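> So you can see what is in the structure, the chains are spelled out below.
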Amino acid sequence: QQQVKQSPQSLIVQKGGISIINCAYENTAFDYFPWYQQFPGKGPALLIAIRPDVSEKKEGRFTISFNKSAKQFSLHIMDSQPGDSATYFCAASEPGGNNRLAFGKGNQVVVIP
Amino acid sequence: ETGVTQSPTHLIKTRGQQVTLRCSSQSGHNTVSWYQQALGQGPQFIFQYYREEENGRGNFPPRFSGLQFPNYSSELNVNALELDDSALYLCASSQTNRATYNEQFFGPGTRLTVL
Chain E
1 QQQVKQSPQS LIVQKGGISI INCAYENTAF DYFPWYQQFP GKGPALLIAI
51 RPDVSEKKEG RFTISFNKSA KQFSLHIMDS QPGDSATYFC AASEPGGNNR
101 LAFGKGNQVV VIP
Chain W
1 ETGVTQSPTH LIKTRGQQVT LRCSSQSGHN TVSWYQQALG QGPQFIFQYY
51 REEENGRGNF PPRFSGLQFP NYSSELNVNA LELDDSALYL CASSQTNRAT
101 YNEQFFGPGT RLTVL
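Heads up: the sequence lines are chains E and W, in that order. Quick note on my numbering: the first sequence kicks off at 1 and runs consecutively. Quick note on my numbering: the second sequence kicks off at 1 and runs consecutively.
Hints may be right or wrong, so weigh each one.
From the structure, some residues in chain E lie toward chain W, with a derived Cβ separation under 8 Å [claimed, not checked]: (1) Lys-42; (2) Ala-45; (3) Leu-101.
Calculated directly from the structure, the hints in this document are not laboratory data. Since the model is a prediction, treat every value here as computed from it, not as a measurement. Just so you know, even glycine gets a beta-carbon here, dropped at the ideal spot from N, CA and C.
Chain E on its own, in the form it takes in the complex (with noise of 0.2 Å):
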């Protein structure tokens, strides 16, 4: 059972665009949504992430929106470059215990020059 669902599954953007990816989640018990990017051979690395007490996150180039009653939160890139070509994983944990992540299925981004 996909705990956290992500559309699209690719997105193609030219350099400079902006770069939306969306996630989906039915437990209201997550209280901690990041955003990792991961490049081939790699493991993923932590973007920018979110607690559901504010509705906007910017860190740089990356904002996350979050919309509680919706279930739903985003990330934006804004002027895309092709450094930024890789899979991008969203994902929640719910507070306290071992805090594990459930990561939806990723979004592979490609920035074209």
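Given the coordinates of chain E, assemble chain W onto it according to the supplied hints.
For chain W alone, kept in the frame of chain E given last:
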């Protein structure tokens, strides 16, 4: 680079064999989590070790087992390998603080191929 190391980087085994994967956590971290990432999928939580004890387990059979050592490094053992065990195995280290979410730092993974 996260400071989390894993060995070996690649491994080929045949069905029915046993395998041991190793992980060294980042300095100052006391917790190691293991994830399985099948091709084209997101990582799936296997289990976590905190202070040398299992601290939660995902939906994986008992033939997946682990250890954590006093220096917080960890091993993942898989017995009776099946073809579907072919995947990238990721180790993530963190410093457990019950009061807050503990960010997990991933290693580069071990690519296991079962023939």
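> Does each hint hold? Answer for all of them.
Okay, the hints, checked on the actual structure:
1. For E/Lys-42, the suggested interface contact is upheld, since its CB lies about 6 Å from the closest CB of chain W, less than 8 Å.
2. Interface restraint check for E/Ala-45: the shortest CB-CB distance to chain W comes to about 7 Å, inside 8 Å, so the restraint holds.
3. The beta carbon of E/Leu-101 is positioned within 8 Å of a beta carbon in chain W (closest approach about 7 Å), and the interface hint is therefore held.
Every hint, counting from the list given before, is met by this structure.
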